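Chains as they are written, first to last, in the numbering used here: chain A, 1 to 110; chain B, 1001 to 1114.
Any given hint might turn out to be false.
Pair ranges (Cβ atoms, derived) [what the hints assert, rightly or not]:
1) B:K1013 <-> A:G54: 44 to 52 Å
2) A:T107 <-> B:G1040: 17 to 25 Å
3) A:E17 <-> B:E1107: 29 to 37 Å
4) A:E17 <-> B:L1114: 37 to 45 Å
5) B:G1062 <-> A:E58: 40 to 48 Å
6) A:T76 <-> B:T1020: 42 to 50 Å
7) A:N22 <-> B:P1008: 35 to 43 Å
8) B:T1020 <-> A:R12: 34 to 42 Å
In case anyone wonders, no lab produced these hints; they're calculated from the structure.
A quick note: this is a predicted structure, and the numbers were derived from the prediction, not measured.
Where is the CB? At the ideal position from N, CA and C, for every residue including glycine.
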Amino acid sequence: EDQVTQSPEALRLQEGESSSLNCSYTVSGLRGLFWYRQDPGKGPEFLFTLYSAGEEKEKERLKATLTKKESFLHITAPKPEDSATYLCAVQGYTGNQFYFGTGTSLTVIP
Amino acid sequence: KAGVTQTPRYLIKTRGQQVTLSCSPISGHRSVSWYQQTPGQGLQFLFEYFSETQRNKGNFPGRFSGRQFSNSRSEMNVSTLELGDSALYLCASSSGVPNTGELFFGEGSRLTVL
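Could you put together the complete structure from these sequences and hints?
Dropping the structure here:
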């Protein structure tokens, strides 16, 4: 069964303190791995899509990487406005549905 | 370009009642998916509609149903509400052909069942 596990559940960082979020996945044929950001009371907002192992994508202070079993979201020198829940999702070739992890709640303290 | 619109944003129901939620996708998007989000379970897939046909269905009881209209707008219905149905219901649209790439989410309908 397709499955996504994210760790840690919650992370508190000082402003400027870099860290990484982990997304481990099991899927029967990976069509794509997706990262989303969700602010309180809002729907998830798309960040990145990764399709194959070794691929990397960057956007401002965020960098997503992909291996055959997991993905990392690296946050460099975070700012308080980066505080949000970060969700990882995978889409397999069997069916079209996306499987989401439960997310990492990131708090960046000024 | 207008985003995904969900109505109502908030609603309170009592056990045994039914509820209908509405979703208007991004113009040109033919795929609409519904998700239930709760603190403990995260986002759980309910179903996906493409061109008025249910293309995929998650592991939810038959009390949860949906439909899509010819203009791609979608509704989901939950009958005989239970306390455990309290959640944020999210609608997401995509081009759907094929269904790869990112999902565009609405802000959700927050349902409270008393």
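Results of checking the hints against the structure:
Between B:K1013 and A:G54 the Cβ separation comes to about 49 Å, which falls inside the hinted range of 44 to 52 Å. Distance hint for A:T107 and B:G1040: a CB-CB separation of about 20 Å, consistent with the stated range 17 to 25 Å. A beta carbon spacing of about 31 Å between A:E17 and B:E1107 agrees with the range 29 to 37 Å that was offered as a hint. A beta carbon spacing of about 42 Å between A:E17 and B:L1114 agrees with the range 37 to 45 Å that was offered as a hint.
Between B:G1062 and A:E58 the CB atoms are about 45 Å apart, so this pair conforms to the stated range of 40 to 48 Å. Between A:T76 and B:T1020 the CB atoms are about 45 Å apart, so this pair conforms to the stated range of 42 to 50 Å. Restraint check, A:N22 to B:P1008: a C-beta distance of roughly 36 Å satisfies the suggested window 35 to 43 Å. For the pair B:T1020 and A:R12, the beta carbons lie near 40 Å from each other, so the given range of 34 to 42 Å is met.
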